[in-house]
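Undergrad: So the chains spell out like this:
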Amino acid sequence: MRTSDAVIAVQHLRKSFGSVEAVKDVSFEVGPGQVLGLLGPNGAGKTTTINMVSTLLKIDGGEATVGGFDVRTQPEVVRQLIGVAGQSAAVDEKLTARENLELFGRLYKIPRGKRSARIEELIKQLDLGAFADRPASTYSGGERRRLDVVAALVADPPAVFLDEPTTGLDPRSRSELWGTVRSLASNGVAIVLSTQYLEEADRLADEILVIDRGEIVAQGTPETLKQDLERDVLEIQVGDRNGFERARELLGPDANPATDAETLRIDIPVHGGADRSLALLRQLQDGGVSISNFQLRQPTLDDVFLALTGPSSMEAEEITT
Amino acid sequence: MTTRNTYDGTRAVVIDPSVALRLRRAGHDTGTVLWRDMIRTTRQPEMLVFAVVMGVFFLVLFNYVFGGAIGAGTGYDYLQYLLPGVLVITALQGAQQTSMGLAADFSEGVNDRFRSLPMNQSAVIAGRTIADALRNIAGLILVAVIGMLMGFRFASFGGAVAAIALATGIGYGFSWLGAAIAAKVRQSDMVGMLSMFWLFPLMLASTAFAPVESMPGWLQPFATYQPISVASDAVRGLVNGMPVGDTITLTLAWIAVLLFVFVPMSVHLYRKVD
Ligand SMILES: Nc1ncnc2c1ncn2[C@@H]1O[C@H](COP(=O)(O)OP(=O)(O)OP(=O)(O)O)[C@@H](O)[C@H]1O
Ligand SMILES: [Mg+2]
Numbered sequence: 005m006r007t008s009d010a011v012i013a014v015q016h017l018r019k020s021f022g023s024v025e026a027v028k029d030v031s032f033e034v035g036p037g038q039v040l041g042l043l044g045p046n047g048a049g050k051t052t053t054i055n056m057v058s059t060l061l062k063i064d065g066g067e068a069t070v071g072g073f074d075v076r077t078q079p080e081v082v083r084q085l086i087g088v089a090g091q092s093a094a095v096d097e098k099l100t101a102r103e104n105l106e107l108f109g110r111l112y113k114i115p116r117g118k119r120s121a122r123i124e125e126l127i128k129q130l131d132l133g134a135f136a137d138r139p140a141s142t143y144s145g146g147e148r149r150r151l152d153v154v155a156a157l158v159a160d161p162p163a164v165f166l167d168e169p170t171t172g173l174d175p176r177s178r179s180e181l182w183g184t185v186r187s188l189a190s191n192g193v194a195i196v197l198s199t200q201y202l203e204e205a206d207r208l209a210d211e212i213l214v215i216d217r218g219e220i221v222a223q224g225t226p227e228t229l230k231q232d233l234e235r236d237v238l239e240i241q242v243g244d245r246n247g248f249e250r251a252r253e254l255l256g257p258d259a260n261p262a263t264d265a266e267t268l269r270i271d272i273p274v275h276g277g278a279d280r281s282l283a284l285l286r287q288l289q290d291g292g293v294s295i296s297n298f299q300l301r302q303p304t305l306d307d308v309f310l311a312l313t314g315p316s317s318m319e320a321e322e323i324t325t
Numbered sequence: 129m130t131t132r133n134t135y136d137g138t139r140a141v142v143i144d145p146s147v148a149l150r151l152r153r154a155g156h157d158t159g160t161v162l163w164r165d166m167i168r169t170t171r172q173p174e175m176l177v178f179a180v181v182m183g184v185f186f187l188v189l190f191n192y193v194f195g196g197a198i199g200a201g202t203g204y205d206y207l208q209y210l211l212p213g214v215l216v217i218t219a220l221q222g223a224q225q226t227s228m229g230l231a232a233d234f235s236e237g238v239n240d241r242f243r244s245l246p247m248n249q250s251a252v253i254a255g256r257t258i259a260d261a262l263r264n265i266a267g268l269i270l271v272a273v274i275g276m277l278m279g280f281r282f283a284s285f286g287g288a289v290a291a292i293a294l295a296t297g298i299g300y301g302f303s304w305l306g307a308a309i310a311a312k313v314r315q316s317d318m319v320g321m322l323s324m325f326w327l328f329p330l331m332l333a334s335t336a337f338a339p340v341e342s343m344p345g346w347l348q349p350f351a352t353y354q355p356i357s358v359a360s361d362a363v364r365g366l367v368n369g370m371p372v373g374d375t376i377t378l379t380l381a382w383i384a385v386l387l388f389v390f391v392p393m394s395v396h397l398y399r400k401v402d
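First to last, the sequence lines map onto chains A and B. Our numbering applies: residue 5 is where the first sequence begins, and numbers increase by one. Our numbering applies: residue 129 is where the second sequence begins, and numbers increase by one.
Quick caveat, the hints were computed from the structure, so don't treat them as lab data. Just so you know, not all the hints are guaranteed correct.
DMTMM-like mimics (lysine to aspartate or glutamate), calculated; alpha carbons at most 20 Å apart, straight line [stated by the list, open to error]: (1) A:Lys-113 to B:Asp-240; (2) A:Lys-128 to A:Glu-80; (3) B:Lys-400 to A:Asp-64; (4) B:Lys-312 to A:Asp-174; (5) B:Lys-400 to A:Asp-174; (6) A:Lys-62 to B:Asp-402; (7) A:Lys-113 to B:Asp-402.
Please put together the full structure from these sequences, using the hints given.
TA: Next up, the structure:
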């Protein structure tokens with residue numbers, strides 16, 4: 005352990021499923037009150053990482069500790085310290101929200117008196133009141149998701165794992181959940197949160213880990229990553245094939261690997277916004293390239309990954325999505 | 129030894145629980161899962177219907193359709209012969225529901241949460257088998273009442289109670305077999321199919337519906353001593369007030385064997401992670 009106060013510490017974590025190396029080498033530390041954002045596309049290894057650290061999957065290599073206890077050798081101790089909301093809801097469909105929380109609260113061995121107070125508090129906080137007494141099988145996707153997150157918090161654990169907690173939530177529920185995550189953090193809870201949304205990682209995380217195909221491709225605070233991640237993209241539609249080749253020549257390494265010869269489209273990451281875009285367009289025009297269309301747009305997660313991982317990743321991603 | 133350590137100065141965790149504490153917690157967890165499964169049982173009354181429908185179907189079919197032909201060789205009024213067998217079949221059907229229920233836990237995802245909780249993992253199965261045994265008792269009483277409406281008579285109240293207890297017991301043993309299958313394959317449809325492999329041979333090649341003398345010679349040794357047969361024979365003796373011979377002992381021995389093999393096996397399979 006680098007710092008002795010890390011609640012969750014992971015070193016060189018590895019996991020393979022047959023020939024698929026789902027997680028190759030992932031290390032991180034989360035201190036009390038810190039939120040670590042795991043950001044990555046489908047199949048990046050976010051769920052696999054979370055499941056290993058939360059005792060749900062066997063660890064193939066590397067080390068993980070929670071509260072200083074080894075996940076591999078002392079899972080029973082670790083389970084007393086964690087709350088998990090996995091990617092797919094893990095609640096009893098036939099039970100109501102209240103009954104589900106009562107069930108998990110009992111299994112966490114929360115004393116009776118404290119238990120019901122805690123459950124009521126959480127129901128209020130995450131606004132489950134409207135459906136708390138209906139069986140979970142009747143819930144909408146977002147309602148079930150919220151129940152699942154609340155279930156992870158019943159025991160007030162010092163380490164919480166949330167795997168894409170806001171996927172499928174409407175904007176209001178999403179911002180409520182963000183509020184919950186922030187208040188957990190301010191109470192000293194260490195949180196690992198996976199997401200596919202840049203904005204979410206930006207708003208919540210103290211540190212972001214961008215992972216792709218089982219590996220960390222970028223790491224840092226939102227501020228330090230922002231420069232790499234949040235640049236606009238100039239999308240240019242070229243009129244003909246000759247122009248396309250000519251444009252590639254002119255732009256050189258500036259052109260994003262996302263050039264598409266089929267559709268004659270070129271994506272260029274631009275730091276300088278409008279000025280830089282105009283300069284680029286002018287350069288192309290002067291070079292004799294006919295531009296049929298262009299737009300300046302916000303980066304998507306795809307752009308982030310292109311920027312961070314280069315062309316080989318683009319291909320891999322296209323295959324998996 | 130129980131060690132309580134405050135890893136961050138505020139929170140107590142149990143690091144090395146004593147055997148006594150482990151047992152107390154296993155009991156608490158089993159009770160909690162039982163509570164949960166009883167709620168599920170009351171929310172799914174159709175499960176009770178499924179549990180008895182096959183027994184009732186056999187009761188009616190064999191009694192009214194084949195009754196004369198088979199009954200001739202039993203030395204009993206056929207309904208008095210048939211109902212005890214049907215009770216055992218009903219208990220077996222109830223045991224099959226342990227499989228289905230546990231597989232549903234896997235597909236609904238709630239098992240994923242159980243695994244992340246500081247609980248005794250065996251309690252998930254133990255609680256369920258007990259809940260299923262309780263529902264089985266309700267199912268057995270229901271079948272007995274239907275049998276009585278058809279003209280069946282228990283020789284004594286004590287015999288009826290003992291019979292239902294024994295049928296519940298053999299059902300309980302098979303519940304753990306069902307649990308082992310569910311913990312292995314973890315998919316409802318596969319579980320349903322695999323259940324047929326043990327359920328039907330045991331049921332049909334048994335003395336539940338017809339005496340062993342009516343079967344081909346090569347089948348007779350198996351059909352005499354397999355668990356469903358000895359349980360049917362024992363229950364038959366109890367409800368009719370007839371001598372039971374060693375059939376009760378053999379039934380209890382089968383229950384012990386089933387538990388001895390399938391309790392550790394299902395717990396092991398359930399705990400297994402990728
Ligand atoms: N049980 C499994 N058996 C085989 N391969 C698996 C298994 N679980 C995950 N994988 C593979 O491991 C890789 C990482 O999967 P993982 O679920 O961790 O991705 P993820 O980052 O959570 O993606 P998503 O955003 O889609 O949830 C994927 O290629 C996936 O196909
Ligand atoms: Mg995932």
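Undergrad: Taking 20 Å as the top limit, are the C-alpha atoms of Lys-312 of chain B and Asp-174 of chain A close enough?
TA: violated (38 Å)
Undergrad: Would you mind confirming whether the straight-line C-alpha gap from Lys-62 of chain A to Asp-402 of chain B stays at or under 20 Å?
TA: holds (6 Å)
Undergrad: For Lys-113 of chain A and Asp-240 of chain B, compute the direct alpha-carbon distance and say whether it is at most 20 Å.
TA: holds (18 Å)
Undergrad: Holds or violated: Lys-113 of chain A and Asp-402 of chain B, Cα atoms, limit 20 Å.
TA: violated (27 Å)
Undergrad: Does Lys-400 of chain B pair with Asp-174 of chain A here, judged by a C-alpha cut-off of 20 Å?
TA: Given pair Lys-400 of chain B, Asp-174 of chain A is violated - Cα atoms ~37 Å apart, limit 20 Å.
Undergrad: Given the proposed pairing of Lys-400 of chain B with Asp-64 of chain A, does the C-alpha separation stay at or below 20 Å?
TA: Measuring from Cα to Cα gives roughly 15 Å; hence the hint holds.
Undergrad: Would the pair Lys-128 of chain A and Glu-80 of chain A pass a check requiring their Cα atoms to be no farther apart than 20 Å?
TA: Measuring from Cα to Cα gives roughly 30 Å; hence the hint is violated.
Of the hints listed earlier, those the structure fails to meet are numbers 2, 4, 5, 7, in rising order.
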